[in-house]
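Protein chains in written order, with the numbering used here: chain A, 635 to 1054; chain B, 6 to 274; chain C, 2 to 286.
Hints were generated in silico from the structure; no laboratory data involved.
Careful, some of the hints might be misleading.
Heads up, simulated DSS-like pairs for lysine-lysine below, C-alpha to C-alpha not over 30 Å straight-line [as the list claims (entries may be wrong)]:
no.	chain 1	residue 1	chain 2	residue 2
1	A	K760	A	K668
2	A	K1033	C	K63
3	C	K63	B	K9
4	C	K200	A	K855
5	A	K912	A	K882
6	C	K200	A	K1028
7	A	K875	C	K63
8	A	K855	A	K976
9	A	K894	A	K876
10	A	K970	A	K912
11	A	K994	A	K1004
12	C	K200	B	K191
13	A	K882	C	K200
14	A	K970	A	K820
15	A	K855	A	K876
16	A	K921	A	K976
17	A	K1041	C	K200
Across the chosen pairs, the derived CB separations fall in these ranges [as the list claims (entries may be wrong)]:
no.	chain 1	residue 1	chain 2	residue 2	range
18	C	V203	B	A251	43 to 53 Å
19	B	Q39	C	L49	52 to 62 Å
20	B	F183	C	I94	27 to 37 Å
21	C	A8	B	P45	56 to 66 Å
Cβ coordinates follow ideal geometry from the N, Cα and C atoms, glycine included.
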Amino acid sequence: MRKFSRRAAIGLVATGLVLSGCGRDAGTSADKAKDVGAGKISGTVTVWAMGTEGEQLGAFAKEFEAANPGVKVVVTPMGFDVAHDKIISAIAGGATPDISMIGSTWMGELAKTGAVEPTPSNLIDKSAFFPGSWETVLSGGTAYGVPWYVETRAFYYRKDLADKAKVKAPTTWEETQSFASAVKAKAGASQGVYQNFRVGSWQEVVPLVWQAGGEIVEGNKWTFDTPQMVSALTQFQSFYKKGTAPNKVAEGAFPQNFIKGEAAAFYSGPWMIYGLDKDGGAGFDQKYDVAPYPKGSAGGTSLMGGGDLVVFKKSKNRDAAWRFIQWLSDPKTQVKWFQTTKGLPAVQSAWQDPALTSDKRVAVFGEVLKTAKTPPPYSTWEQVARVLEGEIQKVALLKTSPAEAAKVMQQKADDIGTGL
Amino acid sequence: MVRKAVLYVLLTLGLGVVVTPFGWAVLSSFKPEQEIRQSPPTFLPERPTLDGYRALLDQMDLFIVFLNSVVVAGVIVAANILFCSMVAYALTKLPFRARNIVFALVMVQMMVPGIVLMIPQFVVVANLGLVNTIFGIVLPYLVMPLGIFLMRQFMAEIPDELVHAARIDGAGEFRIFFRIVMPLCKPALATLGLITFLTAWNNFLWPAVVAQTQDRYTLPVALAIFSNHQTSQYGLLLAGAVVVVAPVLILFLALQRFFIEGIASTGIK
Amino acid sequence: MAWVFAAPFLILFVLMYAGPLLAGFGMSFTDLRSTDVQNPLNVNGVGLDNYQRLMQDEAMRKAAWNTFFFVATGVPLTILLGLGAAVALHSGINRARVFFRVGYFMPHVTSIIGIAVAWRFLLDPESGLLNQGLGLVGVDGPAWLAEESTALPSLVVMAAWRGFGFDMVIFLAALQGIPRDLYEAADVDGAGRWATFRKITVPMLRPALLFTAVYSTIGFMQFLEEPLVMTQGGPLDSTLSASYAIYKQFGVGNYGYAGAAASVLFTVIVALSFLQFRMLRPKHH
């Protein structure tokens, strides 16, 4: 035992020395986008995608295969929880597919690994996309992929309970407060308005900062300790203080609390429409509606999210890969994809299709998307987001003040840096 | 007599407490999606359905996925039964100078937080050209330290005189190992088989990272596709949980008689 | 000859573990991030910075305390339950023995996904079976997983429930190995049941006890799945375990720091196991 320890220690120290002797290169050369040929494409294109997208894309791509004889699209679906690890491992081992779907907040990190290709400008027209959604593929000013589908957040509320409490869907922050008090007092919604304060809670607060006229980043520096962040957190916390938002509910209580009428409203993305229709049972779709974010002093900016597609530099079939992505971002394909998976089109012109205009609830999201923004494409974003969530939870459980939380956020985020 | 009755009552009560969560999961796998999420929840299915199981069959290639899981677990179990016993034999019955060092390495491997190893291990597997192969999926688990430790604990109890006597009779080490020691280890081997099967069968992160096409997916990896915080298909997941557990219980039923048989009947000590 | 028998382990160790172990330890002295995986040597050495930050990290300190709590309560609970079940099943129970064995072992084989759903149902503050049961006897049960004070103990119970069947199997196998004549001799000497248990059963179970103690300790030191699926470490990090904290740091790509945390956790596990080996060393050798 003793002998082993000594030898191991020597080996480990040596490794440490070797590593510390390396040092980062100063500055990496900027990636240049290469054009994609218009010629005939063939061969196999391997694609990784998460969840529903992964399940559906294989069959969906048959049409592309038919239009391009000789091309075969092989889709591997993967679980959301493992996707990030799987992609990073594949990059480390040089075993990447041609294309992968990624979460829109991963782009800064992946671009920085140097494993993904810049978007060829002769193939994809960036002006076709929602401006906020194009932002999600940018890293250091260069585009490294293409938005596939988008998500944004809006205000879901129980129409029946609002009627009972004689209130309308709130359009301002103040009205949200009176809405929550009214439904609790007069319509039996014991929990008022549900706000997520666990994993993902940054998505509740960051839009409020924008709505208050603030930014979370300026000149490549985090700006969390601002009056706007404090006012966002104050708004967020006011519901817990007044008892009009629940902070003692168990994980997984949502969305049942909305279906049962305990919570009369919540903020979330378009997927909840289909989740609620399924879980709520027959007729529930008549009981609730979707409204844009209530406005703060600077407007009702919401959060842009969704899925992007990237092509890896190690791709053995890059032309076919990019052409497949081009096909996926065609407005007609985008509409069909919406009909298949309910994933909202990232391409603006697709929203004129009746498939998207006919459902008013979906159309609300189309409006919100026009001004929605995305968090900065920094490789450290996910780490900073966890910090925000830690503080937001303290705010929700009334363990800290908004000003103090903003200060801690700033300090911890500065420690982490932007990764640039 | 009274003592026995009390024992039975206690055991039965305990059993009730112990199996309730799993029992509920089994019952719920026969409920429609809406009833599973309903609050307050039901205990017995009000509207029994096979929807979850049907979804399982429809939405994944259950046969291939199940087969992969069986092959992966089978290879890992077979390898561990042989290799862990061999190493344990070296650690207990073959004095050599580096014995403690080897055992220390076994313990090190057992104690290191696995997540740290994943990416470097993937790089190794990629360099060996084993990405997306069954061999790549099983490779890190062929000789599990836990199995070596378990077998060492059991083999230490086998009297050294037995081995010495055989050596004096001129038997080679392999002969002693296979003919004398292994048969005495049956209960331990049954336990080892069960542990390694469980680990291999429920293993998730590594196969999810190594398997790059769906036809290499194991059951937990395939099920994870449907697990997503907002829109999980609980019916399918619960049906999947039942399908995952069933083979393990069958294996346990098959193996548990070895525990009854026991070392006692072989007459050691 | 010994080397031939030890070869399967050594070959695999050198191939799959030695390098990654060194890499994991080595990266704890660098600022390696997920963005560096293509050029893992192109990073800066930062000496002991990661370790220093670790000591000042509020969440990590909380995780260390929680992990201590998990181990200190979970390990004895799991072993006692496992030993209790094994002894009960070994004491002349013939009828339905298989039934009990399978039943008690069942929690150990169930996958965490199915279990998570089921436990949430049991622990639901209003409609959960547990609180409804408590309500019958006039107790107003708390929101088990949403309260800082009850979330951690709830997870310990859940983990013990899931783990004791394994210990039971180990003890059952070991109990079979105790020669009957030892008990017969004790009977002749007129020793009571408790004395027999203490003087014969427990000493004879030493190897199995050592095994379960070391194994459970490692398991609880690396406690991850339950908080991950049940509470995501909350509320307010009250169920954040060391392993989960490391997992989170890996998830956000902060590899150097995660490597440092893992090295510390590893060192503590080694130290604890070493102690257990000392305490439970077989006496007759």
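| request: Output the numbers, in ascending order, of every earlier hint that fails for this structure. | output: 3, 4, 6, 8, 13, 14, 15, 17 and 18
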